[in-house]
Amino acid sequence: MLITRPNHDVTTTYLFHWSKDIIDTAIHHKLSVIDVTGKRVSKKEVNSIIKKMKPSFVCFNGHGNERIIGGYDNEPLIQKDVNESILSGAVVFARACRSAKELGPSCVTKGTTAYIGYTDDFVFLTEEGKETRSLTDGVVKIFLEPSNYVAISFIKGHSAGQANQRSKNYFKNNIKKLMTSDTSKEDRELIPYLLWDMDHQVCIGDDKVVV
Amino acid sequence: MNTQDSRVTDEDVRKLVVARLHSFPAGRKISIGADGEFTKDELIERVEKDDRVGKKIVEIQLSYLQSLKEQRFMEE
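Going line by line, the protein sequences match chains A and B. Here my numbering is used: the first residue of the first sequence is 1, the next is one more, and so on. Here my numbering is used: the first residue of the second sequence is 1001, the next is one more, and so on.
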């Protein structure tokens, strides 16, 4: 599998650290991992790796929009109507805002077997002051663990449809835990944002495909 | 005859969302993609300004209120 982890701002740095869990799970399951981090997450480097290595599973972390998945400093890595065909034959999980709206369907039209991503902004809450110790942030954990579960489910052998559903179930369980009476009023304020991410996570393409 | 206009305006909705945001926990921030990270006070300011971030927060909050109306998590 190929995973991209740029870390040029606070949001991408959170994703950088929390994606380590995906890598550890992949290594534990004897999957070969190409981990492209920091400034190396450029269009030239990532496109070259995809063309040469043809990874069966590509996990993108970064900013995005309807037509783009970004890399370091938001350089477009994959762009609708430009180079999405390089993902032909791969399964993609894109943790990048809104990319499943236009780019995802276009990738699938041009050969990507399945694309899981978000049709709107991917949002999460964090604890102030935890930016440099993001793995100790218990608030962000409630958002990023369910999202990580897409990739982790793929690694564990589940199909695209199952990976998407298992991740959504994880979101749902976290929401239900926050709805109980012993949850503080402050923590209940996380629910609208969790619900938003869950509702905008979609699987496009062949939902039976496995990595 | 009641002549009062009962339509809910965008301004009314923004006021409702701002009222809800007063419960947003202090000491926490929200990350909204490439738009950055925002504290409670910054969110309230953005909703009042009605810019892209403000509109997104309104959309998220209305979507949540709709889920409550539909009792989405009550049946399970």
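Calculated directly from the structure, the hints in this document are not laboratory data. Beta carbons are placed, not taken as given, at the ideal position from N, Cα and C, and that holds for glycine. Careful, some of the hints might be misleading.
Derived DSSO-like pairs: lysine-lysine, alpha-carbon spacing no greater than 27 angstroms straight-line [claimed, not checked]:
(1) A:K168 with A:K208
(2) A:K141 with B:K1015
(3) A:K52 with A:K30
(4) A:K172 with B:K1049
(5) A:K208 with B:K1040
(6) A:K176 with B:K1049
Derived Cβ-Cβ restraints for the label pairs, each shown as a range [what the hints assert, rightly or not]:
(7) A:E186 with B:M1074: 18 to 26 angstroms
(8) A:K20 with B:V1008: 40 to 48 angstroms
(9) B:L1062 with A:T13: 40 to 48 angstroms
(10) A:K141 with B:T1009: 34 to 42 angstroms
(11) A:Q79 with B:H1022: 35 to 43 angstroms
(12) B:E1011 with A:R188: 23 to 31 angstroms
(13) B:T1009 with A:K208: 44 to 52 angstroms
(14) A:N47 with B:G1036: 21 to 29 angstroms
(15) B:A1026 with A:G161: 38 to 46 angstroms
(16) B:S1023 with A:N169: 22 to 30 angstroms
(17) A:T13 with B:R1007: 39 to 47 angstroms
(18) A:E102 with B:E1011: 27 to 35 angstroms
(19) B:T1009 with A:I34: 49 to 57 angstroms
Partial chain A-side listing against chain B, Cβ under 10 angstroms, derived [to be verified]:
(20) F16
(21) D206
(22) V209
* Mind checking the hinted window 49 to 57 angstroms against the Cβ distance between T1009 of chain B and I34 of chain A? => Hint holds: Cβ distance 53 angstroms, inside 49 to 57 angstroms.
* Is 18 to 26 angstroms right for how far apart the beta carbons of E186 of chain A and M1074 of chain B are? -> Holds: the Cβ-Cβ distance is about 23 angstroms, inside 18 to 26 angstroms.
* Asked: Falls inside 40 to 48 angstroms, the C-beta gap from K20 of chain A to V1008 of chain B?
  -> This hint holds: roughly 46 angstroms between Cβ atoms.
* Pair hint K172 of chain A and K1049 of chain B, alpha-carbon separation not exceeding 27 angstroms -> violated, 32 angstroms
* To do: Let me know if the C-beta of D206 of chain A comes in closer than 10 angstroms to any C-beta of chain B, holds or violated.
  => violated, 28 angstroms
* Asked: When you check the alpha-carbon spacing of K141 of chain A and K1015 of chain B, does it fall within 27 angstroms?
  -> violated, 31 angstroms
* Pairwise beta carbon distance, Q79 of chain A to H1022 of chain B, judged against the given window 35 to 43 angstroms -> Distance hint for Q79 of chain A, H1022 of chain B holds at roughly 41 angstroms.
* To do: Please verify that hint: V209 of chain A, Cβ, nearest Cβ of chain B, below 10 angstroms or not.
  => violated, 27 angstroms
* Asked: In this structure, is the beta-carbon distance linking N47 of chain A and G1036 of chain B contained in 21 to 29 angstroms?
  -> With Cβ atoms ~28 angstroms apart, the hint holds.
* **CB-CB spacing for G161 of chain A and A1026 of chain B relative to the 38 to 46 angstroms hint** => Hint holds: Cβ distance 40 angstroms, inside 38 to 46 angstroms.
* Asked: Is it true that the C-beta distance of K141 of chain A to T1009 of chain B lies inside 34 to 42 angstroms, as the hint says?
  -> holds, 39 angstroms
* **Distance restraint hint 27 to 35 angstroms, applied to the beta-carbon atoms of E102 of chain A and E1011 of chain B** => At 32 angstroms between Cβs, range holds.
Hints 2, 4, 5, 6, 9, 20, 21, 22 from the list above are not met by this structure, while the remaining hints are.
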